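Asker: Take the given structure of chain A and dock chain B to it, following the hints.
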Amino acid sequence: MFELFGKHKQIEADIDEFLDHIVEGGLLFKKGVKFYLDGRKDEFEDRLADLRHLEKNADNLRRRIETNLYTKTLIPEFRGDVLGLLEHSDGVLNQIADTLLEFSVEQPETLEDLNKLKYELAKNAIKASEFMVKAIRAYFRDLATVRDQIKQVNFLREETNRIAEKYKRDVYSRDLRLSHKMHLRYFAVSIENIADDAEDLCDRLAIATIKRYI
Amino acid sequence: MEWLYLASGLFLGISLGANDAANVFGTAVGSRMVRFHTAALIATVFVILGAVFSGGGTTETLGQLGAVNALAGSFTVAFTAGLSVAMMTRSKLPVSTSQAVVGAILGWNFFTGSPTDYNKLAEIVATWFFSPILAGLFAVALYLLAKRFLGTARIHMLRLDAWTRVGLIVVGAFGAYSLGANNIANVMGMFVFANPFDDLVIGGLFGFSGTQQLFLLGSAAIGVGIFAYSHRVMATVGSEIFKLTPLLALIVVLAKSLVLFVFASQGLERLLLSAGLPTLPLVPVSSSQAIIGAILGVALVKGRSNINWSVIGRIVIGWVVTPVIAALMCYVALFFVQNVFEQEVVASVVTM
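Which chain is which? The protein sequence lines are A and B, in order. Note that the first sequence covers residues 1 to 214 in my numbering. Note that the second sequence covers residues 1001 to 1352 in my numbering.
Isolated chain A, as found in the complex:
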């Protein structure tokens, strides 16, 4: 019996650690974008390296959780939902890391007067991913609050879309090269996708939560 509770506790800790990685990844992304916009390239690259390392760890952790859930035949009726949620949330972390990597590779020419708006965009998208993590944690522990967290994610996704639209309109209203405009739009879309992915996951989560009610 002690062994039974022991292995459950280990996976419980692994899931918590995995979700911590997503939150930490979001914080690194925010810092990285801030440093990029401020022109602090070295510190930006440090954050990117940390984020890529974190993403790799999260991948390994997710695989370990999945293997353990299957080999130890735990939570048989919810296993499919949990694995789906973990894979999708890993996808959100990948989107965060890929977006920051694109900054490093493509070095977009930012517009100084729009930097504040761009940072606002990044902050909102990451906030959506943070509430997504809270919703997932609630799914495991406190079903009654899942709905509240999902509502926050929906709101933040809309807010992110609104800021992204504003940013894109502003960029396209300026006298810039079309390639430059498209490049900046591409980065806005990439950041926007973080919030969209978080909301997609929450749609799945809402269904999975209904299934968990006895």
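Quick caveat, the hints were computed from the structure, so don't treat them as lab data. Note that the coordinates shown come from a computational prediction; the quantities given were computed from them, not determined experimentally. Think of the CB as a built atom: it goes at the ideal place given N, C-alpha and C, for glycine as much as any other residue. Treat the hints with care, since some could be wrong.
Stated by the list, open to error - Using 25 Å as the maximum straight-line C-alpha spacing, the simulated PhoX-like pairs for lysine-lysine come out as follows:
#, chain 1, residue 1, chain 2, residue 2
1, A, Lys168, A, Lys123
2, A, Lys31, A, Lys166
3, A, Lys211, B, Lys1147
4, A, Lys56, A, Lys34
5, A, Lys134, B, Lys1147
6, A, Lys134, A, Lys151
7, B, Lys1147, A, Lys9
8, B, Lys1302, A, Lys211
9, A, Lys34, A, Lys123
10, A, Lys41, A, Lys134
11, A, Lys168, A, Lys30
12, A, Lys211, A, Lys72
Unchecked claim - Away from chain B, derived, C-beta distances all over 10 Å, residues of chain A:
#, residue
13, Glu12
14, Asp46
15, Arg64
16, Glu77
17, Asp98
18, Lys166
19, Ser173
What the hints assert, rightly or not - Simulated coverage check for chain A against chain B, where a stretch passes if three residues somewhere in it have a Cβ under 8 Å from a Cβ of chain B:
#, stretch
20, 65–75
21, 134–146
Answerer: Chain B only, in chain A's frame:
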């Protein structure tokens, strides 16, 4: 020869083990929450404990309905009850061993001219209707309690999974104990008045009555049925018929086990009597019908309107048809056993 007569009871025991253990551990094994060998071992040990230590009450009730007092008679009663269960199962009607045994005992009463206690019969028939309803009520109460508790307890899903596994094993053990206590009368009850075992005293300390030895043999047969045949039935119950989550299975099995327990426990009867409360009759009841009652209870309280009422209709048909077929078959078989094989099917005039 007298040992050979017990074979029909052992056959009933094996079929009971194969089918009824699935009601206790089906979902747990089918959903792989509990390994089959763990479930089979726990079920066997607790069926034996329930039968040997608490099987007396229901057996006494069957004895009051008809005291089959010759081994050839007991053999025929058990054999025809088993045969009618097999026939009903082939025609896909939900069938209860308890009802087949009662029918076969009535057949023996009619053939031998032994008197039938109709009040006792009415009491037994009433429990057939009452036990699924009681199981449904227990299941509703347990479901509402669990829902309330889980709504506020904030237990992590994985920890809840671990507790559910422990619960399935504990409730499964209780279910197996109740099954042994309640249903051993179906397997060996008809042999009690023609018991070939003598009372034993082990080491001058522990008494082991002939009836207990009979019940040990019967429950061992149930154990053989569990280990040899119940695996496939458990897989079917767990994955195809009920589609219960392990947590709901825990509630349903506990409700069913409580019903079997209250209809078998002499301790509870004494407790109620001492408190001046009315008692429940100690009657072998159908665990399959009790579990269907429990599932219906949960389905109704969850607001499910897609209940298959034709299944309920088939159960009611089974209630009527099973004892009638068993009684007729027993009557005809006793005629052959007595007149063709020249075996004694009744020892003397049975006094009630």
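Asker: Take the hints in turn and mark each one as holding or not.
Answerer: Checked hints:
1. A:Lys168 / A:Lys123: holds, 17 Å
2. A:Lys31 / A:Lys166: Status holds; Cα separation ~22 Å.
3. A:Lys211 / B:Lys1147: Judged against 25 Å, a Cα distance of about 14 Å means the pair holds.
4. A:Lys56 / A:Lys34: holds, 23 Å
5. A:Lys134 / B:Lys1147: This hinted pair holds, its Cα atoms lying about 23 Å apart.
6. A:Lys134 / A:Lys151: holds, 11 Å
7. B:Lys1147 / A:Lys9: Status holds; Cα separation ~23 Å.
8. B:Lys1302 / A:Lys211: holds, 13 Å
9. A:Lys34 / A:Lys123: With Cα atoms ~10 Å apart, Lys34 (chain A) and Lys123 (chain A) stay inside 25 Å; holds.
10. A:Lys41 / A:Lys134: Status violated; Cα separation ~32 Å.
11. A:Lys168 / A:Lys30: holds, 20 Å
12. A:Lys211 / A:Lys72: Judged against 25 Å, a Cα distance of about 22 Å means the pair holds.
13. Glu12: violated, 5 Å
14. Asp46: holds, 35 Å
15. Arg64: holds, 14 Å
16. Glu77: violated, 5 Å
17. Asp98: It holds; Asp98 (chain A) is separated from chain B by about 30 Å at its closest Cβ, greater than 10 Å.
18. Lys166: The claim stands: Lys166 (chain A) keeps its Cβ more than 10 Å from every Cβ of chain B (closest is about 40 Å).
19. Ser173: Given a closest Cβ separation of 50 Å, the condition holds.
20. 65–75: Since three or more residues must qualify, the claim that chain B covers the stretch 65–75 of chain A holds, with 3 doing so at under 8 Å.
21. 134–146: It holds, with 6 qualifying residues against the three required.
In this structure, the earlier hints numbered 10, 13 and 16 are contradicted, and the remaining ones agree with it.
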